[in-house]
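Colleague: As a plain string of letters, each chain reads:
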Amino acid sequence: MTRKRMSYEGVAVAVPVTVPYMRYSTHSAHWFIGQALQSLLQASGLEKAQIDGLTISSFSLTPDTAVGVTQHMGLSPRWLDHLPNGGASGVMALRRAARAVQAGDADIVACVAADTNHVDSFRMMLGGFSNFARDASYPYGSGGPNSIFAMITANYMRTYGARREDFGRIAVDQRTNALRNPHALFKKPLTMEEYMAARPISDPVHLFDCVMPCAGAEAFLVMSEERARELGLPHALVRGAIERHNAYSEDPVMVRGGWRVDRDDLYAQAGVRPDAVDFIQTYDDYPVIVMLQFEDLGFCEKGEGPAFVRSHSTTFDGDLPNNTGGGQLSVGQAGAAGGFLGMTEALRQLTGAAGERTVKDAQLGLVTGFGMVTYDRCLCTGAVLLGRSA
Amino acid sequence: MTMPMMKPKRKNPILRTRQMNLPPWARGRVALGMTAAAAEGRFELQVCEDCNHVQYPPREACHHCLSPSLQWRAQSGEGQLLATTTLHHSNDLFFRERLPWRMGLIQLDAGPSVLVHLHGEVGDAPARVKVGARLDRAGQAVLIGFPEHGSEHMADDRMLREMTSDPKFRKVLVTDGKTAVGQALVHALVKAGADIVWVGHAEPWKKMPGLDDITKHPQVTLVPLDLTNGRSVSELAGEIGGKVDIVINNAEVHRSFGIAARRGTDVAKAEMDINYFGLLRLAQEFGGALKGRSADGATHAVAWVNLLSIYALSNFPAHGTFSASKAAALSLSQCLRAEMRPAGIRVINVFPGPIDDEWNQNMPPPKLAPSAVASAIVKALKDGVEDVYPGDVAQEWLERWRDNPKVLERELAAGG
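Those sequence lines, one after another, are chains P and X. Residues in the first sequence are numbered consecutively from 1, following this note's numbering. Residues in the second sequence are numbered consecutively from 1001, following this note's numbering.
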């Protein structure tokens, strides 16, 4: 029996900022990080020197790491972390920042995720993404994650009877949400007919199952609840958080994620059951992963994902709102910022800043992370429960 | 079932010849262990010496017990196909030019899940399959999912043709038609479906036995070629260099002398002039042309074969100067391989033990029949391998050389 973990009580998350996404940019990642930090200061009224903790998540920052950012931006934090973990970056940054704040290692931590996207940067990144990708996946068709998740999707469809339409429901609902999000790059409605008629990318993955790489940044601040009140910043509270890496490595093909290992712990931290969750921001690199999370986070049993999406509406005004800002599928994937997208959206929902896509009376939101396809699956999983502050 | 490949139409001379874009070639040093095995036609994965867990992708520590003792071991390749996908989009030019491209995820019975290129005869998941390793056009090992039982024309599979150097419908130059090996090669290539076989003939006035037999094949044309003469090589390259898809350099001079048994250097020079400089002349004249046509349609230029000798690995003193000339040729062939790699032309080195010909008359058996050398070369082309050690003698030498080259040197000094 492991020792009971310390609670995340008293940790506030505030000031969600988004540096507007662009399909391509000639700026470097540093530009987006600078914009994100400036927005954090402007929105919070803080001085730069008051930021004494910093986490950076980025792929396109190389050869720099987080410490290079401190000199570039003229920051002198007393606590620093570099978390280039893609889609899991948001949950991981929040967990680490929360502990730093609780321990008194930092007072106010800025968590920043930013990536640029040059015309050729996505292709350039793929072949060298990891040792295993270079040796054992990229030489096979060089489809990048599309082909890996195509096979995960194909296996899921065969095993559990999911149909393309089931994934289509997820994508179409998210687009409905995105139409109310000014930051979304996709501005046109998506119909099921259009989803089904899209061109194949890597069967059974078609165009609208894929995210569009773009440039942009997301960021938020982590501090004590007390500090947030002092500063008069609208905030949400951390009610629980988990992460797990390389779970179920014995599964020959991915059918479940690490959330499943730790979900009881997650809900126990908040003293709730899944039905208390008012909205969920799932990590949506591909719709099949959204479906996996509905199962692995306890909204339905394994294999019931297809039936679950057929019987629930996941729009912002539906019975289980999912990716209320449109998710990466409709907003765009700004590299590691994709791993922060659910976090900033959840904060907006819980602080009354979600505008016309507001989930009514939302008290508790679930934000997930999923990242790093080093070979045949994503390795990092995480989730955070965020509650409205009283 | 794979439909037999049809003979491609003649190329439209107005169109630009397509250039080669290699598939992704980068690999870590550990992963090259798989390439080293595939270069000899074997599928090997790392196996933990301490707990027997099979590892993939290649790594530095056992994923089960963290032992660093991982050894490359032959695999049966049997497994279960879990999922397939057909790519309609690729980030890499090689695949982009060859879409749609099919791949699969297979769980090997030995444990790991592997991503593979899929043979067209493998249907949808679930299915029993057999995984093998092949060298791709970048010369790096890739895994391929084969059907459990292949059909007659499975070599004609579009994906597999990209990994191999099958002589079917290709135009081949055999540099010496007067030797028994050369003639056996011509017969084997014709049987394998070669479109044209040009056969070098250094001294056309000499009527060597067997020449009439090979020229009976309508695919065969004798061409003047003297590898000691730069002009002769250059003239032939001017005539057919732009058409040859496979060069097989089997020309050799073989005399059985060491150092003391014969005064002077004339014999050694003659051996070097063909075995080493002949290869150099040929490579300078034909290499560039082959590289320029390595993506030229379904029967593009594809391979270069050198007939070396197992004596290239370690000197056999009874045939000392011959051994030295073959060692020189081996070294040069490594240079040639490096220079041909950017174009995706495979350089195949063949290391036979003593061949049953006139220059090995005094060697005790077992000796390799010329037809066996020829079959080994055609098989190497079809399998897409890089190094071939045909026959029991070559296999035994290779094993001894790998075990300890210094011990082998001492044994050879003592007569074998």
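Hint data in this document are derived by calculation from the structure and do not stem from the laboratory. Check the hints yourself; a few may be wrong.
Claimed, not checked - Derived Cβ-Cβ restraints for the label pairs, each shown as a range:
no.: 1; chain 1: X; residue 1: 1148; chain 2: P; residue 2: 192; range: 50 to 58 Å
no.: 2; chain 1: X; residue 1: 1292; chain 2: P; residue 2: 67; range: 48 to 56 Å
no.: 3; chain 1: P; residue 1: 38; chain 2: X; residue 2: 1074; range: 56 to 64 Å
no.: 4; chain 1: X; residue 1: 1234; chain 2: P; residue 2: 65; range: 42 to 50 Å
no.: 5; chain 1: P; residue 1: 261; chain 2: X; residue 2: 1011; range: 56 to 64 Å
Built from N, CA and C at the ideal position, the CB exists for glycine as well.
Colleague: When the hints from earlier in the document are held up against this structure, which numbers fail?
Modeller: 1 and 4
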